[in-house]
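Enquirer: Could you put together the complete structure from these sequences and hints?
If you want the building blocks of each chain, they are given just below.
Number of protein chains: 2
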Amino acid sequence: MAYRTTEARAERDKALREHILDCGMQQVAEGGFAALNMSGLAATAGVATGSLYRYFPGKGALAAEIFTRATRIEFEALREQFSRPGSAAQRLAGGVGEFAARAWHSRQLAYALIAEPVEPEVDEQRLRFREAYGELYCSLIREGNRDGSLNVEHVPLTAACLVGAVAEALVGPLSPQARAARASGLPSDSLESVTRAIIRFSLRALGAKEHSA
Amino acid sequence: MAYRTTEARAERDKALREHILDCGMQQVAEGGFAALNMSGLAATAGVATGSLYRYFPGKGALAAEIFTRATRIEFEALREQFSRPGSAAQRLAGGVGEFAARAWHSRQLAYALIAEPVEPEVDEQRLRFREAYGELYCSLIREGNRDGSLNVEHVPLTAACLVGAVAEALVGPLSPQARAARASGLPSDSLESVTRAIIRFSLRALGAKEHSA
Chain A
1 MAYRTTEARA ERDKALREHI LDCGMQQVAE GGFAALNMSG LAATAGVATG
51 SLYRYFPGKG ALAAEIFTRA TRIEFEALRE QFSRPGSAAQ RLAGGVGEFA
101 ARAWHSRQLA YALIAEPVEP EVDEQRLRFR EAYGELYCSL IREGNRDGSL
151 NVEHVPLTAA CLVGAVAEAL VGPLSPQARA ARASGLPSDS LESVTRAIIR
201 FSLRALGAKE HSA
Chain B
1 MAYRTTEARA ERDKALREHI LDCGMQQVAE GGFAALNMSG LAATAGVATG
51 SLYRYFPGKG ALAAEIFTRA TRIEFEALRE QFSRPGSAAQ RLAGGVGEFA
101 ARAWHSRQLA YALIAEPVEP EVDEQRLRFR EAYGELYCSL IREGNRDGSL
151 NVEHVPLTAA CLVGAVAEAL VGPLSPQARA ARASGLPSDS LESVTRAIIR
201 FSLRALGAKE HSA
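Quick note, the sequences are listed as chains A and B, same order.
Using full-length UniProt numbering, the first residue of the first sequence is number 1, and each one after it goes up by one.
Using full-length UniProt numbering, the first residue of the second sequence is number 1, and each one after it goes up by one.
Treat the hints as calculated values from the structure; they're not laboratory data.
Quantities reported herein were computed from a predicted structural model and do not represent experimental measurements.
Heads up, a few of these hints could be off.
Each pair may be met inside one copy or between any two copies, as identical chains are not told apart.
Quick list of in silico lysine to any residue cross-link-like pairs, SDA-like style, CA-CA up to 20 Å [claimed, not checked]:
1. K59 <-> E124
2. K59 <-> E18
3. K59 <-> P117
4. K14 <-> K59
5. K209 <-> E153
6. K209 <-> E135
7. K14 <-> S87
8. K59 <-> E80
9. K14 <-> P156
10. K209 <-> N151
Expert: Quick look at the structure:
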């Protein structure tokens, strides 16, 4: 019985932790990491602030975990796109387009993940994921070199360039300034024009025969 | 006389502030932003820790100012390169090559500026400078569209891609891991191979007729 009680408790603990992370992700999706605070989150999640600190030592650690959770979803979506049928160049175009579209439809969250000024703990995870994205692009570029749809000499460095290019291109269009401009009816880039520019940039940079997507 | 005294005092204040920033920059150049701390810096600069707080409200503000100071030097060096004679494509290749070489020769500082996990105040300045770099690239790309050496449709987005690509490509080679590998004699990228890859990537991405630098 003692074993079962411990197990049940661990389950409950895990479920509560997940619930807190869900609530935190919601806050970040609505107001960025700037909107995340321990006492507000405790209230939303329906736990005492002290309990919150039992699960997460501080805001930095909590933010880093929310970041990791949200970024992993995007990472897996891109990996899934890259594993579809088609030439590497086609999959690159499809994956990057889908990545931009997903960011576009959760702008506040995407901006928070890519660019919002944050605690060093989140910056650390950003570095780690950019490396992982780099490896994902590396595999795809190698496939492209083999299937002839891409032509790249220095694969890891080119992959890193691509990671930086795709992320940085989205910063402006997703920024609070762009969102404010859009909200007040000022002219701004459409998802289509942003996606077209990023894909064109990427395919040309990787020596794809067909430069337009 | 009172006016002169005030003026002299303001001069002294300014000189001391500069001296503190110089010492801080030195610390960052030697150990990254992680090595920067208020009491250590006060000792190095020969001032009381309390005086330090009179000039900078905290480590984040101090780090942001050191960042700005160091990054402005790199920014101006790139602007200077871009204003030399030659086609836009040639100036792009020259500027990016020089930018990488400068980073290479102050690896710890360059890594701290580009990628080290830091206080949100520094992240804010990073965003601001990336925007400024974007504008610098925009002007050059427009010149390239005019002189026929480049061929870019969506100039601002392409400029942003380039900012991200150049920065991200340097993160790996400048990282502490790469420095450690190099120090222990493991094979690692040379400045020449990194520069060649970045320039090739950039020129192809911008539709330069001559893809190799």
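Enquirer: State whether the alpha carbon distance between K59 and P117 is at most 20 Å within one copy, between copies, both, or neither.
Expert: Both: 14 Å inside a copy, 16 Å across copies.
Enquirer: Between copies, within a copy, both or neither: which fits K14 and S87 at Cα up to 20 Å?
Expert: Result: close neither inside a copy nor across copies, 42 Å intra and 61 Å inter.
Enquirer: My question is about K59 and E80: at a cut-off of 20 Å on alpha-carbon distance, are they close within one copy, between copies, both, or neither?
Expert: neither (32 Å within a copy, 42 Å between copies)
Enquirer: At most 20 Å between CA atoms: does that hold for K14 and P156 within a copy, between copies, both, or neither?
Expert: Answer is neither; intra-copy 38 Å and inter-copy 46 Å both fail.
Enquirer: Could you figure out if K209 and E135 sit no more than 20 Å apart (CA to CA) within one copy, between two copies, both or neither?
Expert: Neither, since 23 Å and 29 Å both go past 20 Å.
Enquirer: Are the CA atoms of K209 and E153 at most 20 Å apart within a copy, between copies, both, or neither?
Expert: both (15 Å within a copy, 18 Å between copies)
Enquirer: When no copy is named, should K209 and N151 be tagged within, between, both, or neither for a Cα gap of at most 20 Å?
Expert: both (9 Å within a copy, 16 Å between copies)
Enquirer: What label fits K59 with E18 when the C-alpha limit is 20 Å: within, between, both, or neither?
Expert: within (16 Å within a copy, 34 Å between copies)
Enquirer: Cα distance capped at 20 Å. Does K14 pair with K59 within a copy, between copies, both, or neither?
Expert: Within one copy, since 19 Å is at most 20 Å while 36 Å is not.
Enquirer: For the identical chains here, do K59 and E124 meet the 20 Å Cα criterion within one copy, between copies, both, or neither?
Expert: both (14 Å within a copy, 19 Å between copies)
Consistency with the previously given hints fails for numbers 6, 7, 8, 9, ordered from lowest to highest.
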